[in-house]
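Sequences listed follow chains A and B, in order. The UniProt record's numbering puts the first residue of the first sequence at 1, with every later residue one more than the last. The UniProt record's numbering puts the first residue of the second sequence at 1, with every later residue one more than the last.
Hints should not be assumed to be uniformly reliable.
What the hints assert, rightly or not - Interface residues of chain A toward chain B, partial, derived using beta-carbon atoms under 10 Å:
#: 1; residue: P61
#: 2; residue: A71
#: 3; residue: V96
FYI, nobody ran anything at the bench for these hints, they're computed from the structure. Since we're looking at a predicted model, the values are computed, not measured. Ideal placement from N, C-alpha and C gives every residue a C-beta, glycine not left out.
One letter stands for each residue in the lines below.
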Amino acid sequence: MVTDGDSTDWGESEEMIYKLRLFVTGASPASVRAINNLQNILEQHLKDRYELEIIDAYQQPLLVKSEDVTAVPVLIKKEPTPLRKLVGDMSDTDKVLRGLGLL
Amino acid sequence: MPSKKASSTSKQLSHELPKTPTGIIGLDEITVGGLPTGRPTLVCGSAGCGKTLLSLEFIVRGAQEYNEPGVFIAFEEKADELATNVASLGFDLQKLQDQKKIKIDYIHIDRSEIEETGEYDLEGLFIRLNYAIDSIGAKRVVLDTIENLFSGLTNQAILRAELRRLFQFLKDKGVTAIITGERGEKTLTRQGLEEYVSDCVILLDHRIINQISTRRLRIVKYRGTLHGTNEYPFLIDEDGISVLPVTSLKLNKAVSSDRFSSGIPALDKMLSKGGFYRGSSILVSGTAGTGKTSVAASFCNEACNRGEKCMFFAFEESPAQIIRNMRSIGMDLQQHVDSGLLQFYASRPTLYGLEMHLVAIHKAIRRFKPQVVVLDPITNLITVGSVSDVKSMLVRLIDFLQEEQITVMFTALSLNTVVNEQTDEGVSSLVDAWLMIRDIEMNGERNRGLYIMKSRGMKHSNQVREFVISDNGLDLIDVYLGPDGILTGSAREAQMLLEETGQVLQTHAVGVKDRELLRKRKVLESKIESLRSEFESTEEELNKAYVENAIKKEVLEQNRQKLTTLRGKNISDADSEDEIKKTKKKK
Numbered sequence: 001m002v003t004d005g006d007s008t009d010w011g012e013s014e015e016m017i018y019k020l021r022l023f024v025t026g027a028s029p030a031s032v033r034a035i036n037n038l039q040n041i042l043e044q045h046l047k048d049r050y051e052l053e054i055i056d057a058y059q060q061p062l063l064v065k066s067e068d069v070t071a072v073p074v075l076i077k078k079e080p081t082p083l084r085k086l087v088g089d090m091s092d093t094d095k096v097l098r099g100l101g102l103l
Numbered sequence: 001m002p003s004k005k006a007s008s009t010s011k012q013l014s015h016e017l018p019k020t021p022t023g024i025i026g027l028d029e030i031t032v033g034g035l036p037t038g039r040p041t042l043v044c045g046s047a048g049c050g051k052t053l054l055s056l057e058f059i060v061r062g063a064q065e066y067n068e069p070g071v072f073i074a075f076e077e078k079a080d081e082l083a084t085n086v087a088s089l090g091f092d093l094q095k096l097q098d099q100k101k102i103k104i105d106y107i108h109i110d111r112s113e114i115e116e117t118g119e120y121d122l123e124g125l126f127i128r129l130n131y132a133i134d135s136i137g138a139k140r141v142v143l144d145t146i147e148n149l150f151s152g153l154t155n156q157a158i159l160r161a162e163l164r165r166l167f168q169f170l171k172d173k174g175v176t177a178i179i180t181g182e183r184g185e186k187t188l189t190r191q192g193l194e195e196y197v198s199d200c201v202i203l204l205d206h207r208i209i210n211q212i213s214t215r216r217l218r219i220v221k222y223r224g225t226l227h228g229t230n231e232y233p234f235l236i237d238e239d240g241i242s243v244l245p246v247t248s249l250k251l252n253k254a255v256s257s258d259r260f261s262s263g264i265p266a267l268d269k270m271l272s273k274g275g276f277y278r279g280s281s282i283l284v285s286g287t288a289g290t291g292k293t294s295v296a297a298s299f300c301n302e303a304c305n306r307g308e309k310c311m312f313f314a315f316e317e318s319p320a321q322i323i324r325n326m327r328s329i330g331m332d333l334q335q336h337v338d339s340g341l342l343q344f345y346a347s348r349p350t351l352y353g354l355e356m357h358l359v360a361i362h363k364a365i366r367r368f369k370p371q372v373v374v375l376d377p378i379t380n381l382i383t384v385g386s387v388s389d390v391k392s393m394l395v396r397l398i399d400f401l402q403e404e405q406i407t408v409m410f411t412a413l414s415l416n417t418v419v420n421e422q423t424d425e426g427v428s429s430l431v432d433a434w435l436m437i438r439d440i441e442m443n444g445e446r447n448r449g450l451y452i453m454k455s456r457g458m459k460h461s462n463q464v465r466e467f468v469i470s471d472n473g474l475d476l477i478d479v480y481l482g483p484d485g486i487l488t489g490s491a492r493e494a495q496m497l498l499e500e501t502g503q504v505l506q507t508h509a510v511g512v513k514d515r516e517l518l519r520k521r522k523v524l525e526s527k528i529e530s531l532r533s534e535f536e537s538t539e540e541e542l543n544k545a546y547v548e549n550a551i552k553k554e555v556l557e558q559n560r561q562k563l564t565t566l567r568g569k570n571i572s573d574a575d576s577e578d579e580i581k582k583t584k585k586k587k
């Protein structure tokens with residue numbers, strides 16, 4: 001994982017750091033699938049260009065509220081803008097990529 | 001009384017179905033105690049009919065009045081928007097949130113931000129809800145409007161399954177919940193939420209009839225309990241929602257035999273009890289310009305003078321106008337307004353529908369708690385409803401007022417000059433007393449005649465009195481029954497003058513007779529006197545003979561005795577006894 005966000009170059013998407021937050025609910029089947037699917041996609045398309053935070057919604061109800069999470073699993077793309085929310089178990093790779101702005 | 005009924009019935013049902021009072025005026029009466037405790041209730045209706053407000057008031061009243069914290073999950077408006085919207089109702093959401101009495105969570109779902117990438121559930125919503133409920137120990141929950149989920153998320157199958165789970169979750173949590181939903185085309189809600197909520201469904205409606213909008217509420221179903229089934233109008237104003245349970249009518253109100261004055265002493269005299277009963281309803285009807293408002297104002301004025309609170313509902317004139325007009329006949333209503341005893345409530349009839357007027361009147365009366373209420377005039381309400389509507393509204397109003405032991409005076413305009421046995425509103429059978437003021441046109445002038453058409457429970461005069469409005473107020477004068485009928489106004493004055501003349505003449509005649517009598521009496525008396533003196537002289541004459549006789553007799557006796565003594569100086573006692581015998585024989 002690359003960490004230095006300050007070096008983000010808006011002109012070149014190649015250099016952008018993706019700040020991602022994935023909310024899951026414990027070890028539910030959908031959550032496990034979502035984590036696995038997402039990590040595969042990220043490794044494939046955004047290697048070393050993302051920060052992924054995996055949050056257990058049960059543990060962080062306040063964060064669930066502040067991030068306005070309703071459906072889970074949900075991946076919130078905070079950066080680069082625009083903000084997007086990817087709901088589901090990330091099994092539809094095309095949609096995940098579109099949501100991340102990679103397609 | 002609906003509330004009595006509510007308390008008794010809820011006690012009876014308490015072991016069957018516990019209820020949570022909403023704190024919304026009237027709603028608890030219709031639902032006979034409130035919403036089902038620990039179960040979700042669906043409130044549905046079209047846009048702008050007050051769903052959000054009703055549910056929010058449920059939460060706020062719960063927090064403020066029943067000490068039941070509540071969670072409001074808003075899908076439509078942000079917390080601060082909500083707070084602004086209801087600030088005008090006196091609900092301080094921020095303060096209540098700071099006190100941890102309520103919690104508002106805004107759930108925003110924007111389809112443009114969301115990409116659905118596979119299977120999901122709404123566990124996030126559950127977590128938030130659960131956290132919110134647990135953090136303040138909420139007993140009440142509102143989800144407003146959960147159907148917004150359907151616009152943000154597309155997978156209907158998941159949503160429906162999750163909704164079912166959500167309602168089960170709410171029941172498991174034991175919270176009393178309100179779920180709001182938009183009215184659908186043919187179904188109660190667009191997404192068929194009624195499938196999930198089977199315990200209690202309340203339908204709100206916003207209808208426009210004759211360009212006047214009325215909000216109505218109906219309980220579509222309420223499983224396992226009694227409830228009012230009609231459509232009830234409700235009002236949204238600065239105190240929130242008030243629902244009027246309009247048809248919970250019974251005829252079992254208490255009555256009072258207290259009486260009080262009408263403000264017109266002569267009118268009181270026409271009533272055997274010296275006034276009207278407290279808590280009765282009085283109708284004053286008459287044609288235009290007969291002084292109905294003046295009678296009503298004088299009634300008010302009198303009540304205020306007694307120190308009673310009085311409320312004047314004016315549908316025709318503004319308060320300032322009434323005060324000015326009444327000042328011209330010597331009534332100062334302003335002082336009562338200033339002292340807080342008199343309150344005016346003026347509104348155009350066309351402002352609301354009839355039902356809304358009723359709700360507004362109810363509210364105003366409940367707030368001010370007057371002992372006397374005046375409605376002037378009820379005829380104007382005809383402009384916003386049909387005759388039967390007005391009648392049914394007035395029935396309910398009278399019922400309400402009698403229940404509260406409030407004396408009410410209505411004024412009604414008779415549209416035709418022929419005296420009708422029935423008023424145009426058909427309320428005459430409802431009222432306890434009915435004063436009729438009619439025009440009496442004669443000799444080129446118009447006068448007012450007042451009579452009591454009916455007055456339940458007391459004897460009353462059957463006479464038509466002339467009703468006079470002067471600078472000093474109102475008064476009734478006995479009308480004159482002349483050879484041509486009733487005489488009023490100047491004809492009455494003329495008749496009075498005529499009679500006065502007659503009186504003078506008669507007095508004079510009587511004087512002459514009296515004097516003659518006196519003279520005759522004097523003559524007779526002198527005659528009697530002379531006769532008496534004649535009699536006295538005769539009597540004296542007679543007496544004189546008697547006395548002379550007696551004296552003569554005495555003198556003779558004395559002489560004889562002297563002679564006897566002289567003759568028999570030596571005669572024995574026996575002789576003297578003989579002498580006595582002789583004298584006895586002589587006698």
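Evaluation of the provided hints:
Because the smallest distance between the Cβ of A/P61 and any Cβ of chain B comes to about 4 Å, under 10 Å, the interface hint for this residue holds. Because the closest C-beta pair between A/A71 and chain B is about 5 Å apart, less than 10 Å, the hint holds. Here the hint on A/V96 is kept, as its CB sits about 5 Å from the closest CB of chain B, short of 10 Å.
In this structure, none of the earlier numbered hints is contradicted; all agree with it.
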